[in-house]
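With the hints as extra help, turn the sequences into a complete structure.
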Amino acid sequence: MISSSISPMTVLNECVNLDGSVKPLYRPMMDSMDGLGMEELQRRWLAAKGHAARDAFTFFLDPREFRTVPTDWFPRLIPGDHWDTISRGVAQRLKAINHFLGDLYCGQQDIVPPDVMFSCQYYNPELQGFRPARDTFVHVYGIDLVHMGEGRYVILEDNLRIPSGITYQTKSVEIGLEVMPELAEGYDIVPYDIQAAYQEMFLSLCDTDSPNCVLLTDSKYGSAFFEHRYLSELFGITLVEGSDLYVGHNGRVWCRAMGGDFEVDLIYRRVEDLELFVPGLTEAYLNQQVVLVNAMGSGAADDKLVFLWVPDMIKRYMGEDAILEQAVSYDLRSPSNRQFVLQNLDKLVLKTRQGYGGMGVFIMPDLGGVYRNRLTQQLIEQPQAFIAQETLDFSRHLVFDELRGIFEERYVDLRVFAIQNGHGEVTVFPGGLTRVSEPASRVTNNSSGGSCKPSWVVR
Amino acid sequence: MQAELGSPVAGQSTPVHYAYVARYEYTDVVVQNDNFFRLAAYADQFQQPGACEIATFPAGTSVTYPDRLGNRVDRVRISTPHEELVIAAVGDVALGAPGSGIEDVPLASLEVGLEDAEFLTATTLVDPDSVGDAARRVAGESDSVLGAVREIIGWVRNEVEYERGNTSVSTTAADVLAEMRGVCQDKTHLALGMMRSLGIPARYVSGLLTRQPGETHAWLEFLHPAAGWLPADPTKGIVINTGSNYLKLAVGRDYSEVPPVSGSFVSKGYGLLDFATARVFFDKDSIGIDDALTLMREKPEQAR
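Heads up: the sequence lines are chains A and B, in that order.
For the first sequence, our numbering assigns the number 1 to the initial residue and increments by one for each residue that follows.
For the second sequence, our numbering assigns the number 1001 to the initial residue and increments by one for each residue that follows.
Read the hints as simulated data drawn from the structure, not as lab findings.
Glycine included, C-beta positions come from ideal geometry on N, C-alpha and C.
Some hints here could point you the wrong way.
Stretches of chain B that chain A covers, calculated by requiring three or more beta carbons in the stretch to come under 8 Å of a beta carbon on chain A [unchecked claim]:
no., region
1, 1072–1081
2, 1122–1131
Pulled from the structure, derived: some chain B residues nowhere near chain A, Cβ distances all over 10 Å [claimed, not checked]:
no., residue
3, Ala1051
4, Ala1117
5, Arg1136
Written out as structure tokens, the structure reads:
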């Protein structure tokens, strides 16, 4: 029996009780796994890996090597009522942030202090007075949550520039179900269609019924190239690098193509420094000649320090309290916060203001002495470069080690993706991407060595 | 912390105009340039700024805001491709200075509140611990704030050789103590660290010497428990009595927080400061960007 090999786990394990017994939600799945048996399960795990490799479900590692995305195929289940809260909270937050960005560039925002806002790397003065197509700044939104147990989810950060990973969400579910459909027996998995939602979103932002859309990738050697290629194929849009695009004499953006260059209406950009990739793009954009997804300047709201004011944005623009709580965070511009943080450093997480992808995140309780001293020094020297956040003891899940045939406990987080179209309608894709930490770590980012896990919303 | 001992401000204030110009060259075309300028006069108890105008060539789009220490920052973003950038700033300001008669207080009586604690601790370029021994040696018997400040300022002025070319924007106070040479910025960092190590809050000032046209200058301010922030210049050896010779642009915990020009650009090449100069006019009625651009003529021919 596979389920009998599970050892007692910690209090915050989502699928197993303290005594090692399986929680009711996971019982049908465990029964299916018992039904398959250890040998078959190991065979299926291997088959899933092969499947992923054939589908080029990979990420880029170094100049010669692509690796399949490390995946644990044992699914995570998110109960429908949990999901309802997450989904409403994410939509509320996305709308509030979008409203804020409109006020920041075209109105008079007085929520975030000027020295914070205008010193932000991704605030762009050139966008003052510029209204993006349909007043939509954030089209694709990624939000990182952790589960504190009993349906309480806490936000760690927002990703508004070029949030990546939705392919990992859909692909891990797809491959998992294909290779071991038995695991889904007894569950009603909430379906969704990212293809239709994205295509509808692109269309809603353009003035023509058949817009020419392209996906701009940094390069085929970028770590997310699989995702860029996969999404461009799925959405039926052209995958381009910077050198494929140019600004023509008519002020429009053009794409070089074999059958003749064509004008581009919308760029789903997966790069940040647009001007470096396509000189003249800013001007064309400011002249409303091309739509950018996400809009230029959106990054001003995913600065880690600006994060602190998002609950105020929700209150102001939505007239509601935030549905989802966010990790308690400390603004180190304040002398009393600085003092508090220095005195409680071993209980906190430090984040650099403009880091992303797990970079610039330092969990002080898990950090060795040398690093801790160096960081403390940096914090004293440049407090404004950081924010501090409470360290959360969030939920764990099981990963199946198919070689040894045992389950291990790991931390998991949840990145949820949502899109907003030009009519202000938000779609939150059920399930999200569960990221699994390395052993003995709480950092769950793929660029930091973690793996992912299919996540199902079940009713 | 304002004056409680009667006004320490000298009677008169002197209205002046100032101009600053800088030219940067790049080894390849720059497609985007995002700059932060701290070139407007600082507003404090001794100095009242009037209008300030800042222009770049090519032109960009700007936003103006106060940073957390009260410096006016002009952020200018330029998306017109360029291989050189000229920055020009002009402003009006009424210069005053602390008067005499500021009472000395015992070092032991200093109580530094939470707000000012950040001017005692280590910053990127100034670690007080690294220069603490020197500070105690130099301050010697002085057990008062003004006494210690005078000893440190006099010692740094006389013992640290003024020498160009051997230090950079990343030279630390400890480096200066080891080498015992540097420019105004280096002397300021060393003196800042020494004061901090004795428990006197001290901060970096970037500005202009009004009667010495040319480069920007650096000096410091120390916190007097009654009179507030008071100036001292370890390059010239002046304590408090700065008169109308100093025009303050910005304050920070050290240079790294308040360079007159900072920022980032997108290019395949790198950038070099080609020329920068400043001047203060005591006799002009008004000033405009053209007056700053005229200063470009002062650039030495051979450097071209």
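Structure-based check of each hint:
| no. | hint | verdict |
| --- | --- | --- |
| 1 | 1072–1081 | holds (count 6) |
| 2 | 1122–1131 | holds (count 3) |
| 3 | Ala1051 | 20 Å, holds |
| 4 | Ala1117 | 6 Å, violated |
| 5 | Arg1136 | 21 Å, holds |
Hint compliance for this structure: hint 4 is the single one not met.
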